[in-house]
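Student: Spelled out, the chains give:
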Amino acid sequence: MSLAPFIHFIQMGGYAAYVWTAYGLTAGVYLWNIVSARQSHTRAIKRARQRLVASAESQAAEQP
Amino acid sequence: MATWVWFHKLASPPHVYRIAGRLARWFAVPGVLILILGLYGGLITAPADYQQGDSFRIIYVHAPAAWLSLLCYATMALAAAVGLVWRMKVAHAFAAATAPIGASFALVCLVSGSLWGRPMWGTWWVWDARLTSQLVLFFLYLGYMALRHSFDELSRADRASAVLAVIGLVNVPIIHYSVYWWSTLHQGSTVLRAGGPSMPPSMLVPLLLCFFAYTCCYGALVCVRLQAEVLNRERSPNWLSRNE
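Chains as they are written, first to last, in my numbering: chain E, 1108 to 1171; chain A, -10 to 233.
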């Protein structure tokens, strides 16, 4: 099997550095968006649970 | 009547949290699949441009990123305006959830445009109308996020940042029409132009797929971020499912 078509594709007619940098940056930004959105959601759930536990404890403490 | 019921439900944090969780999946799956299809078409099946050669393939990441940066800003400003007028916390949460996504794609648009401009125009950057107004959009996103973080009280942060978002909306039509109003190095619209798109279908279809896929991916990302924003605003979210 010849590698020539693949190498031709990678070279992008001499514009490889520009094209692949643009695509790489886009992939990176997509990845950052996915990781960051999931992290902020997970963090929000964790904080919400902590608030719920704290409010349950303070209610229990108020009861005689 | 039904519209008002729907509008009132949108103000309910548990309802919005639940709907956003469901919608995220519905947006993410077609978004990713169509993005793969669009990029395959753009990188492999579309022919090289007769003037720009293979460098034109940057359009498949550049133009949808530009579209998304404008769409995000328009939806952010609209949500901020709804939050200001109707004092709807969920609307402010939506605007806050949109900002980082819009900023990231405005950055992709600027950098990929610069990477395309270097071989085609012979320069990384020119201070012309289109490029400068897009840079202003990026700074508007950064300003919006910085302003939000500068307040300790969430309601004041919501109001101040919403005013900035609404004022900055004036930049959106300026970006779109800049290539017609001023002399610029940037080419005119490829898709949204009088007389129809200026591309053959073999190049246009992958581009349209990428536009659609980016929009779906934005939908998925904003839903997840919205869930986080809604939760952060609830003092005691008793409705939070144990399985989350």
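Honestly, I wouldn't trust all of these hints.
[What the hints assert, rightly or not] To list a few chain E residues with every Cβ distance to chain A over 12 angstroms, as calculated:
#1 A1111
#2 T1128
#3 G1135
#4 A1168
#5 E1169
[Unchecked claim] Distance ranges between label pairs, derived from CB positions:
#6 A:S172 with E:A1123: 29 to 35 angstroms
#7 E:E1169 with A:V152: 29 to 35 angstroms
#8 A:T112 with E:L1159: 52 to 58 angstroms
Note that these hints are calculated values from the structure, not bench results.
Values in this document were obtained by computation on a predicted structure and should not be read as measured data.
Beta carbons: idealized from backbone N, C-alpha and C, even for Gly.
Student: Against each hint, give a clear statement of whether it holds in the structure.
Tutor: Tested hints:
no.: 1; hint: A1111; result: holds, 15 angstroms
no.: 2; hint: T1128; result: violated, 6 angstroms
no.: 3; hint: G1135; result: violated, 9 angstroms
no.: 4; hint: A1168; result: holds, 16 angstroms
no.: 5; hint: E1169; result: holds, 15 angstroms
no.: 6; hint: A:S172 with E:A1123: 29 to 35 angstroms; result: holds, 32 angstroms
no.: 7; hint: E:E1169 with A:V152: 29 to 35 angstroms; result: violated, 41 angstroms
no.: 8; hint: A:T112 with E:L1159: 52 to 58 angstroms; result: holds, 56 angstroms
Hint compliance for this structure: hints 2, 3, 7 are not met, and every other hint is.
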